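Undergrad: Residue numbers (this note's numbering), protein chains in the order written: chain A, 1 to 146; chain B, 147 to 292; chain C, 293 to 365; chain D, 366 to 438.
Just so you know, the hints here were simulated from the structure itself, not pulled from any lab data.
All values derive from a computational prediction rather than experimental measurement.
Don't take every hint at face value.
Claimed, not checked - Taking lysine-lysine and the BS3-like style, the derived pairs with C-alpha atoms no more than 30 Å apart in a straight line are: (1) A/Lys66 / B/Lys250; (2) A/Lys68 / B/Lys188; (3) A/Lys100 / B/Lys286; (4) A/Lys104 / B/Lys212; (5) A/Lys146 / C/Lys349; (6) C/Lys349 / A/Lys128; (7) C/Lys312 / A/Lys104.
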Amino acid sequence: MALELHDGSLHVEDITNRWFNEIKDKNYGAYIPFIGIVRDEKGISGLSFDIYDPILNKWFSAWQEKAKKEGAYLFMAHSRGDVPNHTSSYIAAVVSPQRKVALKLINDFVEDFKASAPIWKYDLIDGKRVYAKQRSTALKGAGLLK
Amino acid sequence: MALELHDGSLHVEDITNRWFNEIKDKNYGAYIPFIGIVRDEKGISGLSFDIYDPILNKWFSAWQEKAKKEGAYLFMAHSRGDVPNHTSSYIAAVVSPQRKVALKLINDFVEDFKASAPIWKYDLIDGKRVYAKQRSTALKGAGLLK
Amino acid sequence: MAKVEFLGPLNRESIEVDIKSLNDLKEMFADDKELQEWLEICAVAVNDTLVCSLDTKIEANDKISLLPPVCGG
Amino acid sequence: MAKVEFLGPLNRESIEVDIKSLNDLKEMFADDKELQEWLEICAVAVNDTLVCSLDTKIEANDKISLLPPVCGG
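Just need the whole structure built from these sequences, with the hints factored in.
TA: Structure representation (structure tokens):
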């Protein structure tokens, strides 16, 4: 399965090595993982995440179809729950025969992920979850019921 | 040293894991390695490379300075000599506090690498090195002595 | 009865509602002061597809989800 | 004497030359038929910096490098 959700921090080396070993003999020319690491800033001890799986799965499947049309393939891993500073909560990766396709796809995929994936982020401050409202993006059609 | 040259295929997992471990506690938010893998095509058994180190080092240092101005940092590994199909000859990586900076930098760095790095590529066909002239790019000022 | 889920930071228990369209849901929520500020920024999915019209028909057993602004990664 | 290096697929031994500028090197190579087709596509570095002018002065002990088209990765 190309989309995996993990409780807590991601094991970066295990995941990126495992994906690489899955694809290395399949004649792709480029493998680009993007690894997101929680930054120690604004006094947080980490981040915490809620995920709504059904819509995340649909969103990911649509991107996988899009990648397939260009001969590429996507992987993604994300954390649920608490992720301490300096550990990883998010890894996305693309493989493609062509370098340029891979470079464009990892950019577009990560940017759309930020804008569209149904995942909610909380700062961990003094052991409490504080919704990161200021850094969040309203989804398409927001405000329908107001 | 952020630029490393290896004889033969690159050990992808060792290199990308080592770089990750160097940077993971340094409060960067994004780590993006680009891994180039030799494709089995046109009947080649692999690729082979010559490198002119002095100009490669200067080129890389100029990019490192550029990255530094954006708070980012670059790594690169490349093979010399023969690299069989389905193994890696090239890895570049960027780390940055900001996702967008990292995504733009890995794209621009890899593209300029392709156009400017003083590395010569040969197809390995029936055990012989055949210069990949068609896929090569003339450097700035080419034709000066013609 | 259709089910309404309040996702992520909305952090409320799901409820069951007897409605014909999203218009009915909007009316039902009109008096909920606490919810109003969320509704301005929440998107709405019916059976896990985002919808953009209040005229969207709701059947028994449909699942309606309210999704606050997102920030993955 | 300045040294001339033929890099990558040029695959020739380095030579020592007694010249005052790249113009002199161009003249020196004019009769080398095999080299001519390479010179059209080769860039030139003096002491590891690419140069764009035939008037570039050459001193004793300078290193001149001929660089054919590149393709890393």
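Undergrad: So, for every hint listed, does it hold in this structure?
TA: Verification of the supplied hints:
1. A/Lys66 / B/Lys250: 21 Å, holds
2. A/Lys68 / B/Lys188: 23 Å, holds
3. A/Lys100 / B/Lys286: Judged against 30 Å, a Cα distance of about 22 Å means the pair holds.
4. A/Lys104 / B/Lys212: Within the cut-off at roughly 21 Å; holds.
5. A/Lys146 / C/Lys349: Roughly 18 Å between the alpha carbons, so the hint for A/Lys146 and C/Lys349 holds.
6. C/Lys349 / A/Lys128: Not satisfied, since the Cα-Cα distance of roughly 39 Å exceeds 30 Å.
7. C/Lys312 / A/Lys104: This hinted pair is violated, its Cα atoms lying about 44 Å apart.
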